[in-house]
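K.L.:
Letter by letter, the chains look like this.
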Amino acid sequence: MHPAFSVVFFTTATGAGYGLLALLGIFGGFQIIPADFWLGIVGLGLALGLIAAGLLSSTGHLGRPERAWRAFSQWRSSWLSREGVASVITFIPAGLFGIGWLFFGRTGGWVAIAGFLAAIGAVVTVCTTGMIYASLKPIAQWHSRYTLPAYLIFATMTGSVLLNALLQSFGVASIAVLALSLLITLLGWGWKLATWRHNDRLEIPTTANTATGLAGGTVRSLEWPHTEENYLLKEMGFRIARKHSAKLRRITQALAFWLPMLLLVAVFSVPYPFAAVLSALAAIAQFAGMLVERWLFFAEAKHTVTLYYGR
Amino acid sequence: MIHPPRGANSAPSQRPLADTRAPDEGDGVDTSPSVSDSIAKTTCYMCACRCGIDVHIKDGKVRYINGNKDHPVNRGVICGKGSSGIMQHYSPARLKKPLLRTGPRGSGEFREIEWEEAFSIATERLSTIRRTDPKKLAFFTGRDQSQSLTGWWASQFGTPNFAAHGGFCSVNMAAGGLYTIGGSFWEFGEPDWDNTRYFMLFGVAEDHDSNPIKIGLGKLKARGAKVVSINPCRTGYNAIADDWIGIRPGTDGLFVFALIHELLKAGRVDLDYLLRYTNAHVLVVQEPGASDDGLFVRDADGNPLAWDRVAKTSVNAADPKAKPALTGSFAVGGRRCTPVFQMIADRYLDDSYAPDAVAERCGIAADTIRRIAAELAHVAFEQTIELPIAWTDWAGRRHETIKGRPVSMHAMRGISAHSNGFHTCRAIHLLQVLLGTVDVPGGFRFKPPYPRSAPPGPKPAGKSVRPMTPLDGMPLGFVCGPDDLLVDEAGRPTRIDKAYSWDAPLAAHGLMHTVIRNAWAGDPYPIDTLMMYMSNMAWNSSMNTVETIAMLTDSDEAGNYKIPFIIYSDAYYSETVPFADLVLPDTTYLERHDCISLLDRPISHADGPGDAIRHPVVEPDRDVRPFQSVLIELGARLGLPGFVDENGSAKYADYADYIVNHERTPGIGPLAGWRGKDGTSIGNGEANPDQLQRYIDNGGFWHHDFAQDQRYYKMANRSYLDFAVQMGFIPKAEPIVFQLYSEPLQRFRLAARGHGRVLPPEGERQRIETYMDPLPFWYMPFEEAVVDLEKYPLHALTQRPMHMYHSWGSQNAWLRQITSQNRLFVHHRAGAGLGLVDDDWVWIESINGRVKGQIKLVDGVNESTVWTWNAIGKRRGSWGLKDDAAESNRGFLLNHIIGDQTSADAQGKRYSNSDPVTGQAAWFDLRVRVVKCRAEEAGFTEPQFERFQQPPHFEPSPDILRFGAEFRMNREAAE
Amino acid sequence: MTCLPAHPDKKLGLVIDLDTCVGCQACVTACKEWNTGGHMAPLTDIDPYGGHVDGVWFNRVHSYEHTTEMGGRTVNFPRSCLHCETPACVTVCPTGASYKRASDGIVLVDEDKCIGCKLCSWACPYGAREFDSDVGVMKKCTLCVDRIYNDNLAEEDRVPACVAACPTSARHFGDLGDPQSAVSQLVAERGGVDLMPELGYHPTNKYLPPRAHTQRAASVPAKALEPVRAEGGFLGWVDRMLSN
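Protein chains in written order, with the numbering used here: chain A, 6 to 316; chain B, 291 to 1265; chain C, 244 to 487.
Hints may be right or wrong, so weigh each one.
Rough simulated footprint, nothing fancy, chain A against chain C, three-plus residues with beta-carbon under 8 Å [to be verified]: (1) 301-312; (2) 315-325; (3) 333-341; (4) 442-455.
None of these hints come from the bench; they were simulated from the model.
Cβ coordinates follow ideal geometry from the N, Cα and C atoms, glycine included.
Between the sequences and the hints, there should be enough to build the whole structure, so can you do that?
P.N.:
What follows is the structure in structure tokens.
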């Protein structure tokens, strides 16, 4: 699949944004983190900013962005529509939560309920995003039991690392959050390794034989229906060399998991403001790493239409 | 349905829904949009096939084109080219106005001129030639469908130097067939698709008769009849064969002889058929050294004789009561003689034609050859069919049924384009005739006006060429012996293309591919003006393109071009236009009149004759004129006889006027339908002023269906022969005898032995002796015979993709998307041996040069053969293509490395790279080697040529095409 | 509406005979020609005369080499929308632009609703949908919905353009939901197959497999030829035959 930047950025940014929003809602609602105005404005601003930037970026993928509103109509069948609905609905409790926190300076009571609802909305939205990909049968690497958990894990992971960076920066570090971010980054790494291992061993029942209905033996593409690349090949015929892919997997691991984990471990033992700097670095590195991860998520996904082209 | 379904695709599974009322879906889809304001029925010209088309006009533009269901050629279907006609019509490469060269030849620098200036330049030049030496005009047309006009024009001008592109396309098939059975494969005959049970297809055949063949293949497939293809490449029609025989190129003749060998040995030939319809029983003089050795034994009236095995005496071979012998040796009038059949048996029963002897050279297992022979015999003799229709033969014998042997064959370019193609074609006809499958139910059938006598009557005109004097006939015809050749006292050719000379005695279509070289070399003489139409001679229609381009631009010491003046007519900015001095822009096929005439290449099928017209269905939006009308006006301005009346004024206003009013012989004109003042005659009758309207009213064509008893055995069917005489197809209602043994060829052989009035020069005698064999034989294609096969181990072939054959596809926005780069297809094992993988760039090298392209490894090709799609490679600056187009950057033209001449023989003479009998260009003889190119050479083709300048007022081609948006906009606006 | 109709009244579709298709591209350009002025007009071509030409087409013909132990065959393979019974391209559509008609089962795109998110093309395993980047919407085969019911065409012409054009009769059209229909009978007789059945889209269009090298191949029960017997070999045989 063609790794379009608009979509790569969209899923990465909204993942981090919803992760952060959910954690702010939960930790705020349970009063685990203080209802500090600046923490609130920066934290919620960052979460909603990432979400908004992601959603905006996703419209860059649309042929007719001015009609994007139509996408809310088909929630009964379409995960993309559900994602749209969920993302917008989530803004309501998130907004109330923000008002409570920022204008009333409190995160308890009805504000906490709004926070929990925002967290639920965020989780639902991330699930719908994951399901968009997990539901696509023509792409075996996506249509797997690894995809939905991955979206949830990575949203939580990037959200928690961001939250930790925020808390560290505001001098209100929480060991629980730090530990969570470290553990979930480890989980993220493990999940990614398992996913890759699964994908590398994937035996896809759909072959050039079943694609053409020609039973037995080998089916080799002789000539394409067109000489130059068409929409199908540009959109779904993306190929990545094995060597290139291996290198990018190493970069993903280094930036998204190893470096953040090292930095987060170090945070346990260094004082403010170094802890804040290291936490911020961890968040930045991880976000960059996740962009690479998401790029690979597309680039390594093989659509069945490529079988028709002998790719 | 009340009416029976029309058209080819009318099986129950191809019909409309039982109820075509739109369901009440409520989704707002307009299921009944208005389609067209009018429908014009005319004839397609996207290739040589001449299908009937319905052109739907909407808002003054062509909305879409579909096949005419009533048309005898395509019966409603349409090919990939036909549907893309719109893009040809609206092509950005279309010329706009007459052009006069201003820069050096080949630069593409022109200025626009008015038609009046164009006419006066041409008239002045041509009238000088006509007054002094008419043969200094060489007039060669390409994919011309008006040869009865263009040839007649040349004849009235007085130049013998006329031909169309058949010399590099089809003449081996035409001559091979016409000299043998009086008809040919090509598009002048067809398998009996409805009855055949075993179909053999030889070589590339996608070039002619394409929709009829495809419709026929569909019928065979629907019935489950067996399709066997003999072709080095497993593409196109060969893909659907039940049995694909991946033969080595140029060895089809050997394969066929091995089949004949097997059939003879097993006694599986139709003796009765041979006796009735062929010269198998005719006696041939067997006296080496005699001046009539190898000629037929004839009676005082010139009738060939046979030996009556009952009466033990010689008899007229045509005597229906005779009991002729097919074997033996006899003395008639003191001369030793044997029947033709004895000679056939002697030759092909020889072990050198046994399957085991040919298997390796053909690349076909001997067992496979034996199996095919057995299958042929089984279907021909065990699955005989009989139609319950009574008919009467030429001798008045009534037959209660029509007997058929359901084996049919077709062959075309794959056989034609080799230097041994004439004899190979004859070999296939011999095989058909031995099986008794020509013009019988289930066999191969003639399309009227064929069969004609083998060979047909008219001889080539041009023996005497005088100023201001028409030739005494048409420039192209059929020679019957050396006396008919167009050579001077010294045996030198008198035609510029050397047709009908000792180089190519049976050159029934001329040799267009030699004209540029001969004119450049002044061999046999220099010319003044070369006038061409619709043939891309500076690119894909020439062999040895690089040198051809150099010849077109070469000048003498005085700085004058060696070919002094070139007039060219084309509708598009092709690679040839920049080499013309005067360019006459043609219209597209949707803007003009044409006639698809029985005098030329009609639209008949085996069940009846037909012809057709084109008529303007849209108005030209630019200053272009149909070439045929231009030619008629030029003829009038020159005062050519036949083109002016007694007062010297133009006889015909334009081509349409000519089509209706011209009479070649009294009562016979370009169109056969609705003749006579009241339009009630067919074939023969006065001109009918309403004729074109009658054609238009009938869907653009005329077709006559034979009575049931006229449809088979046309070579000897009295009812058919009488009809053919009435239509002017043949002069007399006499049977057409298949010439298994060709006496005309033997006459050339005798000349080579010193007998006769017209003798070949000493240096030509061996060649004539060898190749003018009266019985078909096989020899190694010339290039293969001379090149070092270790150095050039591979055969190289080209074919056009089906969606572009005989079409000008590369400026077509739709067709070029399908193929804009050609690959060299290499067999996997051959590729592995050369260390090649898919997408590698390679040099393809022949003794004539090298060209670079990209490869694709395949299984479906003969292992010693590589091939590519032809004419995809284009020169930068032509056809309205942008500079980055794949055609000029990655596509390649194999023509660059195909020599236009043979290697020098012992005397140092180089012949045209052609069949020695017919002069057919030997495109497929090419031998190559394939060499992986260096890394820095990969990614682009070579040789590269300088980019052409664009003609004045040529807008750059668009970056985006939204064809059809306007129809929808107008439709929606109207709602 | 992107929910699928429970029981379409008809299952209109195509049957494509791979045993007969010669790869001539007739159906391809006939489709382009009709549809570029039809319901989804235009079928835009980007860079039509340049090096990166890329147009919208609803029907494409591939070619393959299929090699089994029994032998090899070149197969020309037309590919277009299969009008599946459970088309994910419809259900994934967030706007309702993609839909399957309840009356005849045709899968269509309502251009006015399409936002060009391309998800339907991802969801289609067959590559049936092509994006028109000029208009910004997805386009696809309409099964010539503007031909098969078109009152402005002669009744006999109310078939998809590709079926009308096909010179070898390799394309068939009809109601595959009706087991008695001519197309259903043809599929049954020739062992028609679904493409990628394992994905569960239940394509309506069926493909008839090539027959060469299979039980269904045309064959001639010919016995090996034997040389003519007895005296005089072949020539003796000729004489005897003529004397009879």
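K.L.:
If a hint holds in the structure, say so; if it doesn't, say that too.
P.N.:
Right, here's what the structure says about each hint:
1. 301-312: holds (count 10)
2. 315-325: Result for this restraint: holds, n = 4.
3. 333-341: holds (count 8)
4. 442-455: Coverage by chain A holds for the region 442-455 of chain C (6 residues, Cβ < 8 Å).
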